[in-house]
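Protein chains: 4
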Amino acid sequence: MTKPASAAAALATATPSPSSDSALLAQRLVDAYRAVRDETERRAAPLSPEDQLIQSMPDASPAKWHRAHTTWFFEQFLLGEHVAGYTPFHPDYAYLFNSYYVSAGPRHARHQRGHLTRPSADEVTAYRRHVDAEVVKFFQSAGEEKLQALVPLVEVGLNHEQQHQELMYTDILHAFAQNPIPPAYDPAWRFPASNGSTEQWVTLNEGIHTVGHADDSFHFDNEKPAHRALVGPVKLAKNLVTNAEWLAFMKDGGYATATLWLMDGFATVSNEGWQAPGHWRETGGEWKIMTLGGLQPIDPSAPVCHVSYYEADAFARWAGKHLPTEMEWEVAARAGLLNDAYGIVWQWTRSSYSPYPGYRAIEGALGEYNGKFMVNQLVLRGSSLATPPGHSRVTYRNFFYPHHRWQFTGLRLADYA
Amino acid sequence: MTKPASAAAALATATPSPSSDSALLAQRLVDAYRAVRDETERRAAPLSPEDQLIQSMPDASPAKWHRAHTTWFFEQFLLGEHVAGYTPFHPDYAYLFNSYYVSAGPRHARHQRGHLTRPSADEVTAYRRHVDAEVVKFFQSAGEEKLQALVPLVEVGLNHEQQHQELMYTDILHAFAQNPIPPAYDPAWRFPASNGSTEQWVTLNEGIHTVGHADDSFHFDNEKPAHRALVGPVKLAKNLVTNAEWLAFMKDGGYATATLWLMDGFATVSNEGWQAPGHWRETGGEWKIMTLGGLQPIDPSAPVCHVSYYEADAFARWAGKHLPTEMEWEVAARAGLLNDAYGIVWQWTRSSYSPYPGYRAIEGALGEYNGKFMVNQLVLRGSSLATPPGHSRVTYRNFFYPHHRWQFTGLRLADYA
Amino acid sequence: MTKPASAAAALATATPSPSSDSALLAQRLVDAYRAVRDETERRAAPLSPEDQLIQSMPDASPAKWHRAHTTWFFEQFLLGEHVAGYTPFHPDYAYLFNSYYVSAGPRHARHQRGHLTRPSADEVTAYRRHVDAEVVKFFQSAGEEKLQALVPLVEVGLNHEQQHQELMYTDILHAFAQNPIPPAYDPAWRFPASNGSTEQWVTLNEGIHTVGHADDSFHFDNEKPAHRALVGPVKLAKNLVTNAEWLAFMKDGGYATATLWLMDGFATVSNEGWQAPGHWRETGGEWKIMTLGGLQPIDPSAPVCHVSYYEADAFARWAGKHLPTEMEWEVAARAGLLNDAYGIVWQWTRSSYSPYPGYRAIEGALGEYNGKFMVNQLVLRGSSLATPPGHSRVTYRNFFYPHHRWQFTGLRLADYA
Amino acid sequence: MTKPASAAAALATATPSPSSDSALLAQRLVDAYRAVRDETERRAAPLSPEDQLIQSMPDASPAKWHRAHTTWFFEQFLLGEHVAGYTPFHPDYAYLFNSYYVSAGPRHARHQRGHLTRPSADEVTAYRRHVDAEVVKFFQSAGEEKLQALVPLVEVGLNHEQQHQELMYTDILHAFAQNPIPPAYDPAWRFPASNGSTEQWVTLNEGIHTVGHADDSFHFDNEKPAHRALVGPVKLAKNLVTNAEWLAFMKDGGYATATLWLMDGFATVSNEGWQAPGHWRETGGEWKIMTLGGLQPIDPSAPVCHVSYYEADAFARWAGKHLPTEMEWEVAARAGLLNDAYGIVWQWTRSSYSPYPGYRAIEGALGEYNGKFMVNQLVLRGSSLATPPGHSRVTYRNFFYPHHRWQFTGLRLADYA
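Protein chains in written order, with the UniProt record's numbering: chain S, 1 to 417; chain Y, 1 to 417; chain G, 1 to 417; chain U, 1 to 417.
There may be inaccurate statements among the hints.
For identical chains, the list gives no copy identity; a pair is met inside one copy or between any two copies.
Computed cross-link-like contacts, SDA-like style, restricted to lysine to any residue with a CA-CA straight-line distance of at most 25 Å [what the hints assert, rightly or not]:
(1) K137 x L167
(2) K224 x I362
(3) K224 x A256
(4) K224 x K321
(5) K288 x Y169
Source of the hints: derived by calculation from the structure; they are not laboratory data.
Input sequences plus hints: build the corresponding full structure.
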């Protein structure tokens, strides 16, 4: 697997050695910080003030909110806790832009984020600039010892912001997809090319492997502890399931055949009236898909995208196959056996999102980052076209509810025969 | 009663006589049209693009939508039906901006109006300008006979737009009231002064009166047919119920005493957790009210505002009084016996919104304007501070559901003792 | 109009004169009491213990509950308040069997009445017997002065029980109608014959009439005060709308034509999937109706039954007519102009259920009997096949929500042309 | 572990060898069948007809329905498919009493099972007798070859009925717990004694074990395929968590401390107002628990019962421990290391209910038995006081949603420190 280096990743690899001097570390922090913060603004740039306000469903958030919330994260956990005498930019922003950190105080109701016409997008820009200036100033003046101690926190803040960068894409795409006159985020955008679309299988023989994040480079707490796991024998599909295969499933009555589905899945299909993946629209007897480039024809050779776990599971059953576990995926990906493991679609596994053996959430508010979601969700592995460069990792555990499909989500199959 | 003349009213009084020539009528139509259309834009002017997008509850609509929908009304019913070869400004706007006219074709779901980040506020401005130019051109070229025949339709369109002007105020106020940092629509705005706040009663002896709209001047179809009604004996309060009286009701436990309430009313109070009128906030032990001027102290002598029918009814019972019927209100108002009948708060009556004897909705799509709402709602009489000048009328029947309180709604009492 | 005398009606006419001695009054009370109480048991007799438990929707109540609640009414308001030292039969029954009297203390949630498998039907029988014995003993020992004072309360108790007798029929019919194998309450039961089914109109000229209950004979408080009203000119249908007419409405696409309906009505039709009156089932292309006699063919000449207000209103619009007001109905019925005013179906009027001028609920818990329902409901006049003999009255105001149709409800038309 | 032998288990162990003659096998089948069928009736015996009708929530089913559905299972899959010319007892019972087998045809809506006042409990008894007679007749006449082939199906039918026997207890207890006057199923019933309540830990070192059902004795398909798994190192609590420990959690504010809970769990706690395990009631400042013996005091030394997964997980976090995986439980139980593994409370594991590697549902309608539930639920291991004797198995996988707590569910802890 080849992954482009990113600012955050660069910072991670640059975790200071004893010999690095303070100025160097400060500069690295400033560079990494600016690179990530700039990417957020780059993603927001094509959006009008109205586009930045919309919250098209409770699961999504406005782009303006993403921009402000990621800023609050640095203000709350870095400036607020580590800069003596720091006064928040606005006394009510902590209330408005805290997401779900109970330990960090009361907060605005999630489903009402789209109601905040004010502060305006411009005011949020001012908020970002203020906090950026304060953070840079802090980096440049704090001294090596303090900075070294805070590198992990800065890394969390940057990776956190990268996660919201991905959500900015998925959330605005969902919003645009609700519009009867579908807008294009970027008319020139095209779905990324995949590296293979034929049926090929890679084999994992039974073996004990260490899975999870083993060293001290950046990771989220849910990737720990690294632990030994028995994996295999199993075969994994080298390639992702394609639109052509999905159309065959549809043509074969897949969405209407109850016995192909988990019971909760078929209830969802029935209640929601699903007949195709998310963001697909039938016009004039032809299926199209709503993308960041607007409404586009379905490319049969491209990986299927915007399918829920329920759909992925039904497809696998229809195909006489299964979904892999997250451990199987990790072992195969680590061995470099998988095409398109990263950068196109997150891949559903059949592993529920649950704690690794002996997992403990970290202390304090950041302990709420991952651990409290470990029920009712499924793990997805890899990364997607919306994932910022360098944010991918072989041990990375993404997670969504089984009915969710507004993310860039697809699948690859497993075979135990 | 003294009511300022408005453009629409002027047009109404100016209904052309046989001697008026075509140019004069065309000019009157242009003037009336421009006056009303300008007022809409004047009301939208203080709103940012985000403010114009928000739909803070399904009952409310975005300001941008109000601006577009009123434009569609002229495009659909005037240009579309009476200008040969007229091409709509945009092929999808009829779908987006039809409100509830089943006869005029399919339409966007009401509760999703806040999802239309695009067309932008500027695009809606362009839409308004285009239609305005076409309408004015049509007025100036259609000829007297055709214009005379269309005066009633133009009047409906202008009065329709005036109704939406009122909603622009009530809807943005509701939206701003949801914001933890309450914005002011106009910081200089103050609640209008009332003409009296002491308890005084005016007496109506039994008598037969003609109620409803009797002549051909502008009116909505629900004001017809004028008919004879037996009214009285009853006494009506000369003045509106005040905040001071309402605070006494609250202090006496009014909101917590089930026996003061209609059963459906108390269920609403309990489910919603109501403890005061709408848009009231308790901060530091003191009640304030969210207004177009921002969050302001309660003025004890001002009429109470933002109360639902349920609350008005409970207050009347607590006071040992009743609410009047709409007929009693009309007879008393016609006789000039009531203070503040117009221009401050709509006044709940205990009359359900139902058809007058022999009422028939007019033919065609505009027949859906009023008639299909004649169940489950209560009649309010008078007008409010948000009603455009000249839009008030002694026979005017406003109507809302009994739990609604985001309009500028208050009450005056009746006494049958 | 000819109405059979009933026990309660007999009591009402027997309101004691000064010359009646105590024994005679006591005997009259005992006779009236026993007659009504026996009718309740007669109606329950065909029901199994399971039949008596079922609550097939929140609006309905189990037969066992009706039997216990009417007993509690006498225990609470007669024995509990007027017999010194009376100990309730069971300490928890007041909680279980109070319906909605806030003033009488806390009570079991309405929608959970069907959850009380115990006390059993037999235990409720024992409860009824106990209270009956105590009431009779009280009548026989209380003395004339006390009895005279309590006659109104006893009358309310008996009329209250008669209302529940009607509900026992409508509620069990609803329950049986949910059963895929529809049971018959009484296989020999047949729909009552109507007195006419051709289109005939009776005319009311304009006139002032006294409506409402004028004297002191038994009545509910919502029939007061009698007051003068201007009624007419209008024509009322002499006969009820028939199944044949309703089938014509259905055949003409009535249920699918939005413009025939009130907006709330069409929303209900769409959400509920209504295509015919309540309790109708299509089997093998033929419509049948679920009745107390089981599933039976539709009789074209019989009055239509189980229609909601929404349906009645749509039918009237389709027919180019209206529904009458309750005042029009009362004046015509009082003049003996209407066929089948009583005993077949309650007749929807377009009058909302609201207080007569100057209406005041009576003091105490019984003040909750009628007044607190005076919003969101419509008045029905006459009586139905389920109404106990003698319970009908020309001033009687029944009321239900506009979507309700599990009662025996039909309509007659009005014409203002 | 010592488990009493049951009829079904006896049948299982008696799976016929080639030397058994037909009469012997037939007799074994008859004996096993009668033993299980009789147990169902024994459990229903204390229930009145009303008790047998109630469905106190959609997740529960009426006792009468359990009795009929288990009968339908034999009628549908044994008599209907293997007895030539068999005519169903009643043509509509398949519709009424099919639970969720899409492949077996349409069926009555689950949440309306409590609406079937008829057929009566007695009619269901007649249904059971009819099917029993037919089944026994079939066993006695089918011949050895056919019987041998059908042993697996009979075993499924008997184990299926045993599962419903357990539900009969949990469902009627839930129903009785809703009654303000709580009935006792059996006044003499007492909570079973546990074998230990002190904190003791048993250690599992890392090792590869075969988990799942390895041989051909009776099992459900979800226990297959047996497969190798890496388990340990981990310590498991030898004993179940007790009421005393749970009271300490409550006293420490456990139910009000958001940071102890999964996010979905705390949302449930808040929405439902949970402050204690299910079926607990606080009266006079003291907690009691609703049991099959009626409302009883909490026994501090008894295992806690009626806790959801959310509560079990929060308790474990509060205790600084975890819940075990189902594999850890199975390995420890197989080694005989656990007290009270069976017969008191099912024990939540942190394993989601998902397919074992290569799992395939069996063909046909019975393939819907287990597989389609493999999402959103958690595995419980062991068995409970309501589990029929002999129905327990070390590989048995029970499963419920994380908010469910009307089953007899408790927990034991795991420690990875």
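**Prompt:** Hint by hint, which ones does the structure fall short of?
**Reply:** 1, 3
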